[in-house]
Amino acid sequence: PSVIPNLSVADAKTPASDLTEMQSFINMGMNTVRLPISWGFLQLEGAGKGELNLDYYQSYIKPLLQTLTAAHVYTMID
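So the sequence shown is numbered by the numbering used here: it starts at 10 and just counts up by one.
Check the hints yourself; a few may be wrong.
What the hints assert, rightly or not - Cβ-Cβ distance ranges computed for the label pairs, FRET-style:
| # | residue 1 | residue 2 | range |
| --- | --- | --- | --- |
| 1 | ASN40 | GLN67 | 19 to 29 Å |
| 2 | ASP20 | ASN40 | 36 to 46 Å |
| 3 | GLU54 | GLN32 | 35 to 45 Å |
| 4 | PHE34 | GLN75 | 14 to 24 Å |
| 5 | GLU60 | ASP87 | 21 to 31 Å |
| 6 | GLN75 | SER47 | 32 to 42 Å |
| 7 | THR23 | PRO72 | 32 to 42 Å |
| 8 | LYS58 | ASP20 | 17 to 27 Å |
The hints are simulated quantities; they were obtained by calculation from the structure and are not laboratory data.
Built from N, CA and C at the ideal position, the CB exists for glycine as well.
From just these sequences and the hints, can you work out the full model?
Here is the structure:
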């Protein structure tokens, strides 16, 4: 299971929000994160073998990148 941080401004005052914690990092000048992605989850048969695991991409990677982009956080994909 994966957890996408909730950086939504609309949810900022709810217990489900991660925006306050992230905002404290941004206020300290940190606006870049490293996002490690396991190749084994992207291609289940091994690197360069088989099809791309679209479920993993669409349910974890894409929403996480959209969330970070909306929060104006630069992301280095590793």
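Hints versus structure:
1. Taken as a hint, the range 19 to 29 Å holds for the pair ASN40 and GLN67, whose Cβ atoms sit roughly 26 Å apart.
2. The given range of 36 to 46 Å is broken by ASP20 and ASN40, whose C-beta atoms sit roughly 20 Å from each other.
3. With their beta carbons about 41 Å apart, GLU54 and GLN32 fall inside the hinted range of 35 to 45 Å.
4. One distance hint, 14 to 24 Å for the beta-carbon pair PHE34 and GLN75, holds here, with the actual separation near 19 Å.
5. Distance hint for GLU60 and ASP87: a CB-CB separation of about 22 Å, consistent with the stated range 21 to 31 Å.
6. For GLN75 and SER47, the hinted distance range of 32 to 42 Å is not satisfied, since their beta carbons lie about 20 Å from each other.
7. The hint said 32 to 42 Å for the Cβ distance between THR23 and PRO72, and at roughly 18 Å that hint is violated.
8. Taken as a hint, the range 17 to 27 Å is violated for the pair LYS58 and ASP20, whose Cβ atoms sit roughly 40 Å apart.
Consistency note: the structure conflicts with the earlier hints numbered 2, 6, 7 and 8.
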